[in-house]
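J.: Protein chains in written order, with the working numbering: chain D, 57 to 167; chain U, 30 to 183.
Warning: the hint list may mix true and false statements.
[Unchecked claim] These stretches of chain D come out as covered by chain U in the derived footprint (C-beta under 8 Å, 3 or more residues): (1) 79-85; (2) 155-161.
[As the list claims (entries may be wrong)] Sample of chain U residues with no beta-carbon within 12 Å of chain D, all distances over it, derived: (3) Lys40; (4) Arg43; (5) Ile61; (6) Glu70; (7) Lys77; (8) Gly80; (9) Tyr83; (10) Glu97; (11) Ser110.
[Said to hold, decoys possible] Mimicking BS3-like on lysine-lysine, the simulated pairs with C-alpha atoms at most 25 Å apart in a straight line are: (12) U:Lys126 to D:Lys163; (13) U:Lys35 to U:Lys60; (14) U:Lys71 to D:Lys160; (15) U:Lys126 to D:Lys159; (16) D:Lys163 to U:Lys125; (17) U:Lys87 to U:Lys60; (18) U:Lys126 to D:Lys160; (19) D:Lys162 to U:Lys40; (20) U:Lys125 to D:Lys157; (21) D:Lys163 to U:Lys60; (22) U:Lys40 to U:Lys77; (23) D:Lys117 to D:Lys102; (24) U:Lys125 to U:Lys77; (25) D:Lys165 to U:Lys40; (26) D:Lys157 to U:Lys60; (27) U:Lys60 to D:Lys159; (28) U:Lys126 to D:Lys157; (29) U:Lys60 to D:Lys166; (30) D:Lys162 to U:Lys87; (31) U:Lys126 to U:Lys60; (32) D:Lys157 to U:Lys87; (33) D:Lys160 to U:Lys60; (34) D:Lys159 to U:Lys87; (35) D:Lys117 to D:Lys105; (36) U:Lys71 to U:Lys126.
Treat the hints as calculated values from the structure; they're not laboratory data. A quick note: this is a predicted structure, and the numbers were derived from the prediction, not measured. Ideal Cβ positions, reconstructed from N, Cα and C, are used throughout, including at glycine.
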Amino acid sequence: MNQLTDVLTAISHPTRRAIIGQLANGPARFLDIARPFDTALNAVTKHLKLLERAGLIEREKRGREVFISFRGEPLREVAGWVHEYERFWNARLNQFEQYFKDKKEKKEKKR
Amino acid sequence: MKKSTKTLEFKFERTIPASPGEVYDAWLDPKIPGNPWNAAEKFILDPKVDGLFYWTLKGTCHYGRFTEIERPGRIQHTWVSPNTLGEESIVTLTFKKQGEDTLMTLVHSDLPDHEQARGHEKGWNYFLEIFREQFGNGSRKKYLWEDAHPSVKK
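Assemble the whole structure, with the sequences as input and the hints as a guide.
T.: Here it is as structure tokens:
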């Protein structure tokens with residue numbers, strides 16, 4: 057699987073999205089991550105493995121403890137991958153909207 | 030003719046500070062930034078029912094036929110390009126009065142669901158939201174025509 061598929065797979069599950077949301081607040085230990093979920097620790101381990109494979113989390117050993125943190129870079133890459141027509145029309149429509157906003161602003165300044 | 034693949038649809042909305050008539054006219058005026066014809070290196074535009082359009086930019090050609098032209102409320106035309114795999118997709122624009130403004134809606138439908146289009150469907154809105162939270166609004170990659178059309182990248 058390529059990284060794009062890994063990232064999309066990783067964020068397709070609500071628990072993994074919740075984990076990302078949790079880690080967005082800062083690094084956490086495994087048991088802290090698992091605590092809010094009503095699911096076996098084994099299942100959380102599997103979710104973390106998928107997130108790790110997608111490059112969305114990394115583990116860091118600090119003394120005796122392992123902290124898991126969120127990495128945003130893969131999401132940044134995926135965000136550049138939106139459908140070409142979604143990008144095309146958004147860019148065109150933003151420009152079109154801006155033209156009218158500028159026009160209105162100029163008109164108001166003249167008053 | 031029956032489409033050979035599954036299709037996708039994208040919907041966009043903008044509130045434009047002008048009347049529906051002004052917005053409608055601007056969309057069909059190649060001098061106004063933002064409409065498809067404005068970016069073209071070369072274009073032909075005949076906005077009437079069964080009128081055709083053509084425009085090209087960096088070697089990518091787009092063709093279409095107007096199917097509905099109802100000033101100031103609605104425009105519909107077909108849209109064919111290498112990215113539609115030669116199939117006719119449909120672009121529908123509506124312009125609705127909303128106070129002093131116009132709610133402009135653009136729906137691009139019947140887009141062939143090919144490999145490149147499929148991937149992002151899973152949770153796109155969700156991860157964009159995270160992305161916005163994580164990196165702020167200003168950090169999204171700027172739209173570049175070349176990025177959307179890698180086949181014509183020089």
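J.: Holds or violated: U:Lys60 with D:Lys166, Cα cutoff 25 Å?
T.: holds (23 Å)
J.: Holds or violated: are the alpha carbons of U:Lys126 and D:Lys159 at most 25 Å from each other?
T.: Between U:Lys126 and D:Lys159 the Cα gap is close to 18 Å, so the pair holds against 25 Å.
J.: Against chain D, does U:Lys77 keep a CB gap of more than 12 Å to every residue?
T.: At about 22 Å from chain D, U:Lys77 clears the 12 Å cut-off, so the statement holds.
J.: Are all C-beta atoms of chain D more than 12 Å from that of U:Glu97?
T.: Holds: least Cβ distance 18 Å, greater than 12 Å.
J.: Given the proposed pairing of U:Lys87 with U:Lys60, does the C-alpha separation stay at or below 25 Å?
T.: holds (19 Å)
J.: Tell me if chain U covers the region 155-161 of chain D under the three-residue, 8 Å CB rule, please?
T.: holds (count 5)
J.: What's the verdict on U:Lys126 and D:Lys163, does the C-alpha distance respect the 25 Å limit or exceed it?
T.: holds (20 Å)
J.: Does D:Lys160 lie within 25 Å of U:Lys71 when you go C-alpha to C-alpha?
T.: With Cα atoms ~30 Å apart, U:Lys71 and D:Lys160 exceed 25 Å; violated.
J.: Classify the label on U:Tyr83 as holds or violated, using whether its beta-carbon is more than 12 Å from each beta-carbon of chain D.
T.: holds (17 Å)
J.: Do the alpha carbons of U:Lys35 and U:Lys60 lie within 25 Å of each other, as the hint requires?
T.: With a Cα-Cα distance of about 36 Å, the restraint between U:Lys35 and U:Lys60 is violated, given a limit of 25 Å.
J.: Would the hint linking D:Lys165 and U:Lys40 be met if the CA-CA limit is 25 Å?
T.: violated (34 Å)
J.: If you look at each residue in the region 79-85 of chain D, do at least three have a Cβ nearer than 8 Å to any Cβ of chain U?
T.: Three-residue rule not met by the region 79-85 of chain D, so violated; n is 1.
Violated hints, listed in ascending order, are 1, 3, 4, 5, 11, 13, 14, 19, 25, 30, 32, 34, 36; each of the other numbered hints is respected by the structure.
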